[in-house]
Amino acid sequence: MTEPLHGALAAADAIAAELTDPRPWAAAPPNSGRAWPQSLAGGAAGIALLHIERAYSGHGDPHTAHAWLEVAASGTLTAAANAGLFFGAPALAFVTHAAAGSSGAYRRALDHLDDIVVAITRARLIGAHARIDRGRRPPMKELDLIRGLTGLGVYHLKRHPERRITSDVLSYLARLTEPLPTDDDLPGWWTDVAPNGEPSSDYPHGHGNFGLSHGIGSALALLSLAVLCNVPAAGVKEAIERICAWTDLWQQEDSGGPWWPGLVTRDQVRAKHIDPLLRPRPSWCYGVGGTARAQQLAGLALGDALRQQTAEEAMLATLRDPAQLDRLPEFGLCHGMAGLLQAAWRMAADAPSSGIADELPGLADRLITQMSHPADSFELLDGSAGVALALHTIGTGVAPASGWDAFLLLS
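The letter at position 202 of the sequence shown is residue 205 when you use the numbering used here, and the numbering goes up by one with no holes.
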């Protein structure tokens, strides 16, 4: 917990008030992509999550949350190849589980969604293990948080940590960290594509991705959270150690504190060098907002106080550096200030000292100032709904009752 910030809570209330009525959203013609109702990133599912959290905390109406959830459940439920934590049946399952909590509500819907998500996960696991058996490198969509098995693992860890499907996802991630027979100097998660997931002449030998959205940072966070939740799975701690050994090779230090690159290429591996100008912006998706939280969780999981301290120093140095904060003109959870704020809040809650917590009010003020300009998007991942959730967290000073930020692997 932190001290409540009433200005942040008032700003969150104002945003939520603009998103009370789901009827215009329901009346809009269905389309593909992020505006699909079951999109956590850009659809009604994500906005439902805002109202679910507000209802839990007594700052919102449960009927509003239910109305948005109904819109999220409208339309054709997809379990296709593009379904994952952020889209389709798994996204709807995550939000419905958040709405149900321990109440027993939505039981029939959740049982149905569970069956779908377990079937999706089983099929993906079969394909992933077959790919490893062939000695092939993984596509990003196999493993990442947005589309892949790490994202599905988030749902299973939250919904039923004791079930076999949860440990099976964790075991896959542990196996993913083992090098392939043909790649002595590259990790098992090295991918042959560009950061957008597609082949590119700019990345002729692929890349190693550190980010929480599409890289090994997400697996590190999920495996660490599983250890902290006492979820049994063979080889998980060893996998955390292997990932950390790799990230330690690429940890950088400058006047702005410790940092990690967003990705590395084959040429950088050969040169064993990262240009300091390649320091990523301090966002959640690729920057210190995500990578420092993943390292902190790993330190907690391994009982590695030095790793935890380094992660917290990286975050604190960023929060105290106006030049780094100025690199986040966006306000959203993925690329902007809201994601950094939520990550910093979570890190402050787990840190033994008050340094990060002391910087949170100033960071919240920055975000509120950014939001003084009209938002052009209401969505969760890059729009005002996500901003409202981050401001609501720091505004109340209490950990989210819905656990909403699990979809960012911050908790």
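Rather than coming from a laboratory, the hints here were simulated on the basis of the structure. One or more of the hints may lead you astray.
[Stated by the list, open to error] Think about it this way: if two alpha-carbon atoms lie no more than 27 Å apart in a straight line, the pair counts; the simulated DSSO-like pairs of lysine-lysine are:
hint, residue 1, residue 2
1, K275, K161
2, K144, K161
3, K240, K161
Taking the hints in turn, this is what the structure says about them:
no.	hint	verdict
1	K275 / K161	38 Å, violated
2	K144 / K161	21 Å, holds
3	K240 / K161	19 Å, holds
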